[in-house]
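**Student:** Here's the letter readout for the chains.
Protein chains: 6
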Amino acid sequence: MDRVKTGITGLDEMLGGGFLRETANLIEGAPGTGKTTLGMQFIYNGIIQENEPGLIITFEEFPKQYYHDAAAFGWNFQELEKKGLLKVVMTSPEVSRLDVESVGGMIEGYVDQMGARRVVIDSMSHFSRLTQDPVELRSLEFNFINALKRERLTCLLTRESPVLLGEAYDDSSIGFVVDSYLILRYVEIESAIRKALLVLKMRGSDHAKDIRQYDITAQGFEVQSKFEGQEGILSGNPRRMAASFVEAFVKR
Amino acid sequence: MDRVKTGITGLDEMLGGGFLRETANLIEGAPGTGKTTLGMQFIYNGIIQENEPGLIITFEEFPKQYYHDAAAFGWNFQELEKKGLLKVVMTSPEVSRLDVESVGGMIEGYVDQMGARRVVIDSMSHFSRLTQDPVELRSLEFNFINALKRERLTCLLTRESPVLLGEAYDDSSIGFVVDSYLILRYVEIESAIRKALLVLKMRGSDHAKDIRQYDITAQGFEVQSKFEGQEGILSGNPRRMAASFVEAFVKR
Amino acid sequence: MDRVKTGITGLDEMLGGGFLRETANLIEGAPGTGKTTLGMQFIYNGIIQENEPGLIITFEEFPKQYYHDAAAFGWNFQELEKKGLLKVVMTSPEVSRLDVESVGGMIEGYVDQMGARRVVIDSMSHFSRLTQDPVELRSLEFNFINALKRERLTCLLTRESPVLLGEAYDDSSIGFVVDSYLILRYVEIESAIRKALLVLKMRGSDHAKDIRQYDITAQGFEVQSKFEGQEGILSGNPRRMAASFVEAFVKR
Amino acid sequence: MDRVKTGITGLDEMLGGGFLRETANLIEGAPGTGKTTLGMQFIYNGIIQENEPGLIITFEEFPKQYYHDAAAFGWNFQELEKKGLLKVVMTSPEVSRLDVESVGGMIEGYVDQMGARRVVIDSMSHFSRLTQDPVELRSLEFNFINALKRERLTCLLTRESPVLLGEAYDDSSIGFVVDSYLILRYVEIESAIRKALLVLKMRGSDHAKDIRQYDITAQGFEVQSKFEGQEGILSGNPRRMAASFVEAFVKR
Amino acid sequence: MDRVKTGITGLDEMLGGGFLRETANLIEGAPGTGKTTLGMQFIYNGIIQENEPGLIITFEEFPKQYYHDAAAFGWNFQELEKKGLLKVVMTSPEVSRLDVESVGGMIEGYVDQMGARRVVIDSMSHFSRLTQDPVELRSLEFNFINALKRERLTCLLTRESPVLLGEAYDDSSIGFVVDSYLILRYVEIESAIRKALLVLKMRGSDHAKDIRQYDITAQGFEVQSKFEGQEGILSGNPRRMAASFVEAFVKR
Amino acid sequence: MDRVKTGITGLDEMLGGGFLRETANLIEGAPGTGKTTLGMQFIYNGIIQENEPGLIITFEEFPKQYYHDAAAFGWNFQELEKKGLLKVVMTSPEVSRLDVESVGGMIEGYVDQMGARRVVIDSMSHFSRLTQDPVELRSLEFNFINALKRERLTCLLTRESPVLLGEAYDDSSIGFVVDSYLILRYVEIESAIRKALLVLKMRGSDHAKDIRQYDITAQGFEVQSKFEGQEGILSGNPRRMAASFVEAFVKR
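Protein chains in written order, with this note's numbering: chain W, 266 to 517; chain L, 266 to 517; chain Z, 266 to 517; chain Y, 266 to 517; chain U, 266 to 517; chain P, 266 to 517.
Careful: at least some of the hints might be erroneous.
Since the list gives no way to pick one copy over another, a pair counts as held whenever it fits inside one copy or between any two copies.
With a straight-line cut-off of 30 Å between C-alpha atoms, the simulated DSBU-like cross-links for lysine-lysine are [what the hints assert, rightly or not]:
id, residue 1, residue 2
1, LYS348, LYS329
2, LYS414, LYS474
3, LYS329, LYS474
4, LYS491, LYS348
Calculated directly from the structure, the hints in this document are not laboratory data.
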């Protein structure tokens, strides 16, 4: 299978080699979990390591915020833009959904001219401003995502989770529409906050099922080892596993 | 009793031999739990193993997505369509509910022409767009399901669950209307996500009551052994059973 | 006191001999917990064992579904109908509430002609379609139930619970209006789903207070022994009692 | 202080001798917890033991239901009515709130003619049908209760709790308006349902603070001993106290 | 710092000597927790022990209810009113908010004539009837409180908490507006209900941070010792601390 | 990187040296957690220690309340205002959002005249009065914050959390918009209330991930050591870690 490598330490291995080409991949997380960093790195590594030009579509922050945030990791986005390998576009859900559905639109143009192969949508949450009706929203999202896939782009879609810790009832249906679904979570362990990554779903491919620690370092997103000896990690508030007790007793 | 075999490893045994013929069977699960895979496999095995042609009615994805997803498991859906043994139909709840209630409709046509015996509705959740009124929705669903049963079809109905982990208050009444009710759930165990299957209800037949692990492998849906030593599996966040403690102590 | 025996193994004993005559008795449960089976068996045993003709009023399913479901337990409902001992009536809450309040209505007719002594209403949940106003709904339900009691019928009323596991906030007030209140619940124990029955309330009679297991067998509803060594059964997600620990330690 | 004895085993002792005279006392509980039984017994014992005539104001059930329910405990309400010592009045919140606020109303009449000293209002929950506005409802309830107190009646007010087990968020403010507040709760202990009584509040008097078991026996309401060795009783789903563990270990 | 002593056993010590002069101090609690008793005692002790006349502004109960409740603690409010040291005023939020904002209002009058230094507002919860808009409510409350402070009054504001046990989501913002915030809570310990007091916030002063037991005795409000060996007191449903276990084991 | 030191004991170290210059930093907490104290100290230390003039924009309290509260910590705000190093401005969200978006506005004026480098917005919660629409609110907040950053101010934004203990579902999106996000929480430990500080997010910088105790002392905000041996601190209701048990046993 044709894999689109993220180039992120530990992540490609979890994904069985990378995302599948021309699929839509959702990254969901609370503020500060690194969704945008993951997206920028996906685009940067695509350009540098795989020679695949990329787009970043932003619905809120200005391009210069991305240049600035990328620079902190040593990624020179402005230079890549000058070379025609990257384009950071600030637009709105209203405009971009019409754009992808018309012939000769902006995104189609970047694909044609730059040869863009990857796109980050930061974030899909802004689509909720298009309509209050969940049925219509699902249809809009589905059509937008499919239009991107028709442009043969491999898509990374960020989504904001409003819950800082713990599980929330999620009334969104976007998880059903995408090809893969990655979840970023805060977890309190030993009086500190760690970050957890889970590949919940990946259509048409095997993937790691374990919950791994990750961190945002000076080099960017870095997936680390699996959590050990904890129950209820995804609740954000895990407990030491009973097993640890038993072991401690039995070993005596 | 006349059993409609799913041909899925472990599942027919849980169902006491398979679904009962001409019944409506609900499969509910979160994104990525494999509802559609289960449905495709039910149809595929029906054709290949039992010589029972089948229909897949989809309300969102295009047929080519099903061809593509099926191919990943080695199931050649396009060939089966050419042979007249399978039909993947993309339509809407609006159209299909009218269709089944009129004489000489499309679905009736496939039953007559192809001899279709099985149908997958993917997914019943899209019916919620027909009305905001839960009483009317129940009536619409009930009538649709009964019309399919009158066509002597054995029906597998998928339903999307919005909750990733844990129990949700479910205000739907479709569970009361169907003949059997299967639940797919994510479960966090030892810092990894596993999948659990439960046959909650099966009218007119005995069935397995235990909660089993399952996985989506290269061959499709595969039901495995029962969970052991866990309490609260259906909460998504189980704990090791106290019994394990006691045993550990007592064995010393 | 005049007892109306259900003839269901274990249930009459829990009820102190059976329901009280000419009372309204509520059976509440999630899909698949066997509310309708319990109702059919109450009617069937009344006819066969106590020579008390009975009515089943259904607001959704067709009579043939009842014939079919009853047949699976070896109960020949169509024959009983021919003998004038049973009547399965499909109607609506709208019609039946007017019926019982007028002289010479249908239900009154069956009481007069068949000598019906027992009635099942399957289900009271459909009354919610009559009004959105909880005060008016309560009044409608109260009047309907009282009208049935004036016909000297002993009533078994089913009610759908939307929650599969766990406790739900119930904003219905029907529990205050009925004479007895039985609850059916799913319980996860040792990685399997069992069923629990509780007689919460019984006006004018003592009753069992313990929570008992039950099952739907080939012979119908069967109440079994009390649960043992579990805490929190009605939460659906019980835990082994601490007592088991203590015992295990102390016995050493 | 002038105490109004309930004559109920164990209850007067919890109340420091009985309710205070000319106060409003709230009894809140789920279906089947015995609110009405407690009310009837308060009136019956008042007449028989203390020579204090009483009124029962009902907003739903017919007087004959009270006669029937009382008879099950051996209390002959119809005879007491004939003797002019008791009056069971079925009315509505609309009528009775106007009645108590006008001179020469029905309730004033019973006080004057019968010398009524006690009243049961069964139930205050029906006041919610007078208005949707919580501020207005509180004012209506406050005025109604005060009017009863001005008639020098000692009032027992029942209130329906919609929650079968567990704690509910209660948006009512009636607890702030009354002089005492008694809570009846179901509790699951050792796989059975027991009943718990708590005097939460009692203005101007000391009272028992512990949570006691009670039961409805052939003689009526009977308060029993305190619960022992349980934590979280009022959650409805208590756990054995850790203390039991420690003890078990230490005693070895 | 200038301290306004409550004269309540244990409370002044928790407050670092008393409330700060000319501040607004919130007391929040469920029915029966003693908010009004605390308020009355604050006023009574002010008059008797500190020679500071006081006002009680009530929005629901009549003054005679305060006289009566005070008398139960041996406090003769009517006599103090005759001496011009106390005034219990029954009014409405509508009137009193206009009153404090106009020159020469009633409250200003009492300050001028009686030399009032302390005021109790019983309760601030009644302000919610002025508006449904939380932003406007906050502004009304803020202005009212500030107007009282401009009169150089030290204010004790009661607030009703609708939750009997456990933590509630509180959508009020009054806690941000006041100078100190005291919380009264019911706690279930060893099958009985105890009362807990916490000083959550106190602007400009240190204060006790521990959760103390208190009781309403014949002498009024009495703060007692800190809770010991319990976790989760403020949940209302605490558990014995694990530490107790460990100790028990280690001591052996 | 250019760091803006808070000068608060322990906090700069958690932030990797201080906030990043010209960023927006959110401080969220319940009443009494010290948000405003932290803000005042940030401004005060900026002036005294770093020679950076500062602004405090308040949407509710009067400047004199800040003077008074600051004085309690020994900070003479009025003197600093006279020296032109500080300005406390009481305004409204309506006015200030227009102000920052126009040329020559008030805030721009203070930056130009005073050379203000730091600003506190106390509190952002008041923006919710501008609109009920969460999409519009986010846009207003985003634009306001960006306008402040364009003035080259380093911003500390307070935000009120309505929950006293425990985790709340937060439907605000401001956390996604800011550069760093600090959370202040109450925690119940050993029957007392302590305060916890967490740096959840910090764009473009490493930061401490552990949850630290802090207190408001006579010198102001003081960050102390990490919590130890507790699980679930951010729930507000932590439990002793199982590890403590194991240790206790193993050490024997």
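**Student:** If a hint holds in the structure, say so; if it doesn't, say that too.
**Tutor:** Evaluation of the provided hints:
{"no.": "1", "hint": "LYS348 / LYS329", "verdict": "within (17 Å within a copy, 37 Å between copies)"}
{"no.": "2", "hint": "LYS414 / LYS474", "verdict": "within (26 Å within a copy, 38 Å between copies)"}
{"no.": "3", "hint": "LYS329 / LYS474", "verdict": "between (37 Å within a copy, 28 Å between copies)"}
{"no.": "4", "hint": "LYS491 / LYS348", "verdict": "neither (39 Å within a copy, 48 Å between copies)"}
Against the hints set out earlier in the document, a violation occurs for number 4 only.
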